[in-house]
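Enquirer: Starting from the known structure of chain S, arrange chain H on it as the hints suggest.
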Amino acid sequence: MSVLVYVEQAEGKFKKSVFEAVSYAKAIADQQSTNLTAISIGDVAESELKELGKYGAAKVLNVSADQLKTFVNQAYASVIAAAAEKESADIIVLSNSFSGKGLAPRIAVKLKAGLADGAVELPSNDGKFSVKKTAFSGKAFAVTELTSANKVIALNPNAFGVKENPTEVTVENFATEIKQSDLGTVIKEIVRATDKVSLPDAELVVSAGRGLKAPENWGMIEELAGLLGAATACSKPVSDADWRPHSEHVGQTGISISPNLYIAIGISGAIQHLAGVSSSKVIVVINKDPEAPFFKVADYGIVGDAFEVVPKLIEALKAHKG
Amino acid sequence: MKILVCISNVPDTTTKITFTNDNTEFNTAGVQYIVNPYDEIALSRAIELTEGGKGTVTVINVGEAANDPTVRKALAIGADDAVRVNAAPRDAYFVAKQIAEYAKDKDFDMILTGRESIDYNGNQVAAMVGEFLDIPSVSIIKKLDYDGSSATIEREIEGGKEVVTVSGKFVASCAEGVAEPKIPTMRGIMSARTKPLNVVEAVAIEEVTKVAKYETPAPRGSVKLVPADQVESLIGLLHSEAKVI
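Listed in order, the protein sequences are those of chains S and H.
Under the numbering used here, think of the first position of the first sequence as 1, with each following residue one higher.
Under the numbering used here, think of the first position of the second sequence as 1, with each following residue one higher.
So here's chain S without its partners, still in its complex pose (with noise of 0.2 Å):
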């Protein structure tokens, strides 16, 4: 028995999610008082993979097969599932990103697991291992108690935080039989805006509404967010008026967060709005009508003109970073 995490990288390095995922198994090894095993597949320098040591991985198992280099979820669940069988992993945790998201299911169909994917708590202590997870999007949680031999677990980002945990570090090379027909996928491009903030698991969120009037007011709030550090994001009315692109909805029908700091200007705060947002730590609303439904929900707010309160939140931000 042993746990074992999935850590995904992105051009040979780990994010931030992927050291909260391995913290988060770390205390799920704790509690079964077994060793964590890390699974790394694809090319990433043993420097990098020994960082992972200090959440809590006493060993790494390295993935570098020239036809895994890019994500394949059929490959790479076949090697995970070869992995936790090498490893007599009964729990497997990753992190519930866009890959890990197409990688989990598989994994747990190959090992007849139960799946708590969008878990935002350690398992419970009581010997039902039962999860946390985010349902409804964002209304209600479901805690699903996974009731087989093995188990996988996809952790939301920004839901348990990255804890160190310094532990002796061991690298090892993993080799495992590839079937042809596990290579269906081919990545033919990738592209990457490398100036912009992922918004699924930024920590920082500055979001707009209809409120803004039109696609050329977005100039200040990517200039708010591009001092913050933040990630940018919109209502659905904006995404299906084409003003932003799609993977910026957040909300019922489009992506779920949970930064820590989420400010939302121009946006009423629909029902289907709030379910995706409304487990962001911290929710500011700028809103020039002081009866939205959004200020029920917030922490701060500020009822005024977006475009008069923007530019000031500008100036105050500069400021304040001198």
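Be careful, since some hints might not be right.
Said to hold, decoys possible - Covered stretches of chain S (in silico footprint by chain H; criterion: 3 or more residues with CB under 8 Å from a CB of chain H, positions within the stretch not fixed): (1) 81-88; (2) 92-106; (3) 109-118; (4) 256-263.
If you are wondering where the hints come from, they were derived from the structure by calculation, not from laboratory data.
A virtual CB, placed ideally from N, CA and C, is assigned to each residue, including glycine.
Expert: Then chain H, alone, in the frame of chain S:
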């Protein structure tokens, strides 16, 4: 071309979510059900790809007879026929197994789902169906083109996108961007009444998860308002009180 689209029956997006029976069951009283909005996107793309006699679209739902109006709605949008696997959908693992069992000998070129259902937010079914059938799956896609034998797909990744090709049968879960959701026409609604809706029985599969109870998010304290002419004090509060910047 034969496409199978998986349809989930979910509470309308405006539903206030409450629970009964000591928070162990979703309170269905007064709830309006709809086709899961993401599944509508998948269905709309399937209809576009098969338009003009290029193929057929079958929708499949795992659920009890109460789901039939939702299934009929999918037929009204433009699916050719429908299948309902007659069982309460226990969890994604159960649902995926039922869909895979139905699909395994039907020769569908592709199986599409929505990126997630808006009730359990799993995004599990597509990849699980792929695994049960041992065929490729691509999750959370934003664009889908098909040339009759292979597909070119854009999938979302953190801060960008990935363009993927896949040959042969596959499963994909669709997000916004894949298609504009189609609205049923009056003719569609009329014809939906007579389109085939076949009911099949479920196969047995082991239980792997069970919802122990539901919780609702803790209410927030009341909002602290900052006057519009003292914007700089908000920065101070976020820095020293909330400690988020």
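Enquirer: Next step is simple, just say for each hint if it's right about the structure.
Expert: Hint by hint, here is what the structure shows:
no. : hint    : result
1   : 81-88   : violated (count 0)
2   : 92-106  : holds (count 9)
3   : 109-118 : holds (count 9)
4   : 256-263 : holds (count 3)
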